[in-house]
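Student: Sequence:
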Amino acid sequence: MKKNLAQTLENNKIFKLVLGLGNQNFDEIESLVTVYAIAGADMFDINPSKEAVEAVLRGVKKSGKHPEDFYYTISTGLAGDTHVQKCKINEKKCKKCGNCVKLCPQNAIVFDKEYPEVITEKCIGCKKCDICKAVSFRDLQYNAEKIVKLAKKYKLDCIELHLSSKKIPDEEIKFILKNFKGLLSLCLDRKYYSNEKVKKLINKVTKWKGDTKFIVQADGVPMSGGDNTYNSTLQAAAMAHLVQPYGTYIFMSGGTNEKTAELAKMCSLRYNGIGIGSYARKIVKDKNIDEAVLEAKKLINACKHD
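Residue numbers (my numbering): -2 to 303.
In short, the hints are calculated from the structure, not lab data.
Check before you lean on any hint, since a few could be wrong.
As the list claims (entries may be wrong) - PhoX-like mimics (lysine-lysine), calculated; alpha carbons at most 25 Å apart, straight line:
1. Lys143 <-> Lys178
2. Lys89 <-> Lys10
3. Lys163 <-> Lys110
4. Lys99 <-> Lys149
5. Lys175 <-> Lys0
6. Lys143 <-> Lys201
7. Lys194 <-> Lys164
8. Lys59 <-> Lys149
9. Lys194 <-> Lys0
10. Lys62 <-> Lys295
11. Lys262 <-> Lys284
12. Lys125 <-> Lys83
13. Lys59 <-> Lys90
14. Lys196 <-> Lys206
15. Lys130 <-> Lys92
16. Lys164 <-> Lys175
17. Lys58 <-> Lys196
18. Lys188 <-> Lys124
19. Lys110 <-> Lys146
20. Lys93 <-> Lys110
21. Lys152 <-> Lys58
As the list claims (entries may be wrong) - Quick list of the computed label-pair ranges, beta carbon to beta carbon:
22. Asn8 <-> Leu174: 22 to 32 Å
23. Asn104 <-> Glu48: 42 to 52 Å
24. Met(-2) <-> Thr117: 35 to 45 Å
Glycine included, every Cβ here is placed at the ideal spot set by N, Cα and C.
Using the sequences plus the hints, can you model the full thing?
Tutor: Right under this line is the structure:
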């Protein structure tokens, strides 16, 4: 039987594969999990749907590993958070230039006859296509009660709230703390969270929970990890630096890559895990299983050995 997640985080740094909160391409999720499970990932970050959870479990089974070999977190976001938004294109405003098709890293926009069409299940809300008046975004609808039910049903280890919104969601956080026995994770980026707001949030949650045994995910620039550079991961390190005095568990994410652990060591940062999504998906794309596993192992080793 595996240790609970908090026990593991006390003494280990872990690698989390972020599968994309808005990613509803379940075949892709299954394939990614298979590769990263074989390569040695510790945790999978799943969007809040039973289809996504079951795709992850199928991927684990395909890898030859046991579900108990891994930790699982289910992620959700609030209205206005880019992670829970889907692209749509207004044909009346579209100039048919094709730039949105070229810019989409998920291949979620394709030409259908005359106009670009969004393959909704592939869109992750990264907004790289947001370059003209024809493109807009709509929110997916999630609520804390349904998320907790899903996490309990599948015995998941963690619930993560993405807080890229102006208001701190007090009631949602309190509901999860009251009704879920696993770990709470709060994903923060620099768009809305100043030094003072980070302090206010962490102090609030510490008071409600009674301790600092929860995760703060230092999400530098969400969904920006296309490049394997220090610049890409710099904001994740800056956010981790801001959070570390408060004593919570810290995951670094948002622009993360093979340089993240190295930069954290250079900056003397305390952290418990690194979560990688965009870059992790990019390096295994269009590779056969053996090549993909080798690339994934290289990334995981870079993240766990600082």
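Student: Hints broken by the structure, by number, lowest first?
Tutor: Numbers 2, 3, 4, 9, 11, 13, 17, 19 and 23, in rising order.
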